[in-house]
Structures are given as C-alpha cells and as structure tokens.
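Asks: Residue-level listing of the chains:
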Amino acid sequence: MIKTTNNRAWFLVLPVFISVAFSAIIPLMTVVNYSVQDILGPDQRVWVGSEWFTQVLTDADLRDALVKQILFSGAVLLTEIPLGVALSLCIPARGPGASASLVLLALPLLIPWNVVGTIFQIFGRADIGLAGYTLNALGIDYNYAAHSGDAWFTVLAMDIWHWTPLVALLSYAGLRAIPEAFYQAARIDAARPFAVFRHIQLPRLKGVLTIAILLRFMDSFMIYTEPFVLTGGGPGNATTFLSQYLTRLAVGQFDLGPAAAFSLVYFLIVLLFCWLFYTAVQNVGRAPEQEQA
Amino acid sequence: MARIHLRGLAHSYKDRPALREDYALPGLDMVWRDGGAYALLGPSGCGKTTLLNIISGLIRPTRGQVLFDDVDVTLLPPEKRNIAQVFQFPVVYDTMSVYDNLAFPLRNRGWDEAALRKRVGEIAEMLDLSASLSLKARNLGADAKQKISMGRGLVRPDVAAILFDEPLTAIDQHLKWQLRRKLKEIHRQLKLTLIYVTHDQVEAMTFADEVVVMYEGEVVQQGTPQDLFEHPSHVFVGYFVGSPGMNLLPCALAPGGATIDGQTVPLAPALLEAARAKTGDTVLGIRPEFVKLAPAQGPRVVSATVERVEALGTHTLLVARIGPHPILAKLPEQAAISGERVWLELPAAWTILYRDGKSVARSGVSAP
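From first to last, the protein sequence lines are chains A and B. Quick note on the working numbering: the first sequence kicks off at 1 and runs consecutively. Quick note on the working numbering: the second sequence kicks off at 1 and runs consecutively.
Think of the hints as simulated: they come from the structure by calculation, not from any bench. Possibly wrong hints are sitting among the right ones.
[As the list claims (entries may be wrong)] Label-pair ranges, simulated between beta-carbon atoms:
no., chain 1, residue 1, chain 2, residue 2, range
1, B, Leu190, A, Leu214, 48 to 54 Å
2, B, Ala311, A, Arg176, 32 to 38 Å
3, A, Gln282, B, Asp29, 51 to 57 Å
4, A, Gly232, B, Phe89, 53 to 59 Å
5, B, Ala142, A, Phe17, 36 to 42 Å
6, A, Arg176, B, Lys184, 37 to 43 Å
C-beta atoms are modelled at their ideal positions from N, C-alpha and C, and glycine is treated no differently.
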C-alpha cells in the first residue's frame, strides 16, 4: 500500500477538537481562571498567582481528607476486584442459570446512588434496620452515626454492594471470550484448577480488569452521595472524602478560589493514579521479557 | 504408545437422541494400530473433531467404548488417559516462557527437574525451538506458537497417541510444508501413534501412512493414499479425494453391462449379479486420470460431446458430456481433440460400479 502525506488531513480532526474544546477545555479554563485570581464580582478581580494552591496544599483538613480518600479507594479496589473476579468464576457459562445469575447480579447497578445511601441508612440503624439490629443483637456495638469506624465501613459496604457486580459482569464477559481450546489444552496437560486460573484465565482478563480498575478507582475517588446521605460526612469528619470537602469549600463557604485550585489538584491526582494503574496493569508479567530484548 | 480400539462408538450432542440425524457419530468400530501415522480426512462437520475429542476424553461418548491396549478408558478424563492433543489454533500459556510451556505437562505429572530439563531440551531441539526457550511465549509468531503447542503434545514420552486437530490451519503456506515434514520426521524417530485431522486431501495424503475418510459421521474408507485414489469404495471418497474428483456417471443396469444415456459399458457378470442384489442409485465411477481417448467405436468406448478443452500446462483437461452427464478426462498435453464428438475409453480396471454410494466390487471381492 502506498501511503500519501497530506497535511490537510488535520482538518478531519477539527470536529473532534471543537467538541472536546466545548465539553472539556473551555469549562476547565473557567476553573483555571478562578484558581489564580480572587474574583469578587463581575468587574472586581485580583491576580493572586499561586496563593490558593499554597493554601489548599498546606491545609491539614484537606490532607486528612486526601489520606482518607486514598485509603477508601484502596479498600474498594482490593475488595471489589478480587470479589468480582471470584463471583464471575462462579457464574455458569450457559443455560438458564447463567441468565438468572446475571440479572440478579445486575440489579444493584440499576439503583441510584442516593437510594443506595438511603437503603443502607435504614438497613444499618440499630432500632429498625435489619443489619444494625442483628449486629447489635450479636453483641457488636455498631452505630454508624456515632462511631467513625462504623460509618467508614458502612460506606465501604455500600460501595461493594453497589459496584462489585460491575466488576463481576466485566470479568464474566472476559472469561466467556476465552476460546474453549485453552481449557481443553489445560485438561490434556493435566493442569490443576489454580494453574488454569493463573495461566489461562487471569492473563486473558487483563484487558477487562484494566477497565474495571480504572472505573472503580475514578468512581470511588469521587464518592459523594453515599456518605452525604448516610451521615453527611460524619461522625466528625470520618467520612468526609475529597469531593464532599470540595463541595463544602465551594458551595458551603463560597471559597471559590481555593475550591478551584483544589479542583485542579484533584483532577491531576485522578489523572496520575489512572496513569499509574494503567501502566502497572499493562506491565504485569512483562518485566522479564524486557531484560531479554 | 498403544493400540486404540473404538468399539460401537456413537455420539450425539443432544440430550435424548432418537433419530439418525441426532447423532454426530452414528456408530463406529475401528482400530488404530500402534505407531501408525493416520490422517482423518473429511469435510467440515463430518464428525472428525468429535471423534478426536472422544479419543482424548474431552467428550464422553453417548454409547460405546474406547480401549487403549484393551484397557477400557471410556470413563477416564483426559488427564488420566495419557494422550496428547494439539488444537487447530495455537494454545500457549502467555505468562510462561517457551521452556515453561513445554515443561508444563511434565511438571503437572510430577517429573523431577533434571529429567524434565533433558526431555524439554530434546523436544525443543526437534522443533528448532532451542534458541527461544527463555523467551516469553506471548511474543512469538503464530507458527512458533503452534510449534510450542505441538511440543507440549510431543514432550510426554509415554503417550498412547498424539491427536492433531487441523494443527496447520493458522500457519503460512511455506511453513506448513516445513512443519508437516518435521512431524513426519518426528514420527519416524519416535514411532508414536499419530492421528491427524484435516479437511485438506493433500495434507492427508502427504502426511499419513493410512488415511481414514469420514463422511456424515461414518468412516467410508480406510486405506493408503494410493488405495483411496485408485479404489475409492464410496462415491464420496471418489469425489473428495483427487483433483478434479472422480467422474460419477448415473447409469442403469442392463443385460451385460451398465447403460449411460443409452450407451452400454460392459461389466463382468459376477459384478452385475452383485449389483442386482443391492438397491439404490447406480453410478459408474472413473477418475479423469484413467479416461482415455479412443480412435473409434470399441467395446468399452462411449461417445461424448465436447464442451471445452483446457490446456493446463502439464496436461489437457477435456470437459465433455455423455448425454446430460458431465465427464472429465485428464489427457496428455499433446492430445489432439477435434470436432464436437469424441470417443472415450473407460478401462475395466479403473471403472467402479457403485450402488447407493458404495462400491459393488468391494462387497463381493476383497480389496486389492
């Protein structure tokens, strides 16, 4: 095939460029605008440079929220990914059992965030909630409104209940895409079930698991509604994660400058983690071969 | 290594098979000799892969038994059967090196590392994989991957047989020849029983000592490549083996011979007798290679209308018609064909009479 070079082809990128500009770049520039100025009114603005950035980066509450956020997202990934893969391995490959499991599994995905929050708020109450009542009856002093640990675990439980099915569905789709011959060859080679998982299934799930990890990371890193509905970020600041902190800053206190500066930092953190996860997953099992090359 | 005996084998993919059509394999009795190189030849969907999977134990047959050296293994799973199978598309364990891939079947069977290293080394040598043993299998091309698949099949020295399920489908044409030659070489060295499934007659003919032709779940003929070419015992074999396939001329039985569109080809009385004892469509078969041009009317000569003549370099292909029935003749290059009518001789030795698809001579006379 003969390849021709024609710079006019760049014009073909123009529609995408324009739509991305309107959907992402221009709104983002507004945030940038606020982050480097103190805007008091339509005609009153003062250039402040990096002041807002310095302020938010040295803010102890914010650092605290960031640490809590990272711990929370870490816990979400460490639970949901293995659990989702384990669930997908248990779903039958075909037949009525498969459809039934998939439908049941997909049900939590249909429920809106705030409804999930409300469900767990009632579910966890010690007086009328099934889980709260049962736990207390078993002698565990569970009260999400009073103990910060309980609140944190309740939000985690919510997220796991709500989103593990997504990981399971993605993983199930990945498993079904593995050709039958791989399993047959493994049987001929007398591979044990764990070897089949380790050497056939897991490597072939890499693509879907990358997507699952990225989706779950981004989503859990921006968690807002569930802790807001459950305890409004409390008790104390126990479940005040980053986005809630940001909302409090921007909407509650109307500190638009610091909020904008922090939004950008937030955005960069998400971007950095996504890049880290993506590169890490893509490089799993690839390191030895680079030594060879 | 073992003799594989299939006894009354039938398989259906349906839960409650009732009709003949429900069966992928309606019933099979067969013996695979120890150390033989077999090709299982047939069109797609004729039950080749089903048969192979039953031998390896991936599928449990609906009825019948599989015996390895007279030991019934029908109920044993593949890992307990001592059998190796290579699949149509290369199966490699991506995360492992080539060495670990080849060692995998042995490690799973508890070999110690020293013996294992020696064996893997030998097999890698045989397949020209020695240089890439430490590479990750994932980075290799399709042909190298298929070599690894084959290597995992060959690495166990004690297997009853190695089954190949169209292993060269995904391989480039010129590498196909190399790998096939390699396989033949390995067969000569190791004296293993090899069963090689293919739908490519050239592949079957060049690889195997003995070709088994399957058609709609049944073995229609088993024999050497030459046997299949010269004495096809079923019209399907005549049609499927050879290029172009056998001429199959519908005919009617008449006193002293078979009549094709009013022209009688004389046949031996015993053959006619045997044919009359059977029912079904009567067909006279002759390979294009054996049809001769005759100068004039004679005892085994029929008249045909010339449709076209194709000069194919090494030979001339005559496409003609006897009444409504097409007939092809592969003639020498310098064959002179003039006019619209030709006289074609059908030599007795190469003319085979079929009733209901099966050769009549075969049922009466034993195979040559």
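Asks: Starting from the range 36 to 42 Å, see whether the pair alanine 142 of chain B and phenylalanine 17 of chain A falls in it by beta-carbon distance.
Replies: 39 Å, holds
Asks: Do the beta carbons of arginine 176 of chain A and lysine 184 of chain B sit within 37 to 43 Å of each other?
Replies: Taking Cβ atoms as reference, arginine 176 of chain A and lysine 184 of chain B lie about 38 Å apart, which means the hint holds.
Asks: Given a hint of 32 to 38 Å, does the C-beta separation of alanine 311 of chain B and arginine 176 of chain A actually sit inside it?
Replies: Once the Cβ atoms are compared, 54 Å apart, the range 32 to 38 Å for arginine 176 of chain A and alanine 311 of chain B is violated.
Asks: If you check the beta carbons of leucine 190 of chain B and leucine 214 of chain A, does the distance land in 48 to 54 Å?
Replies: 50 Å, holds
Asks: If you check the beta carbons of glycine 232 of chain A and phenylalanine 89 of chain B, does the distance land in 53 to 59 Å?
Replies: 57 Å, holds
Asks: Is it true that glutamine 282 of chain A and aspartate 29 of chain B lie within 51 to 57 Å of each other by Cβ?
Replies: The hint (51 to 57 Å, Cβ to Cβ) holds, given that glutamine 282 of chain A and aspartate 29 of chain B are roughly 54 Å apart.
In this structure, the one hint that does not hold is number 2.
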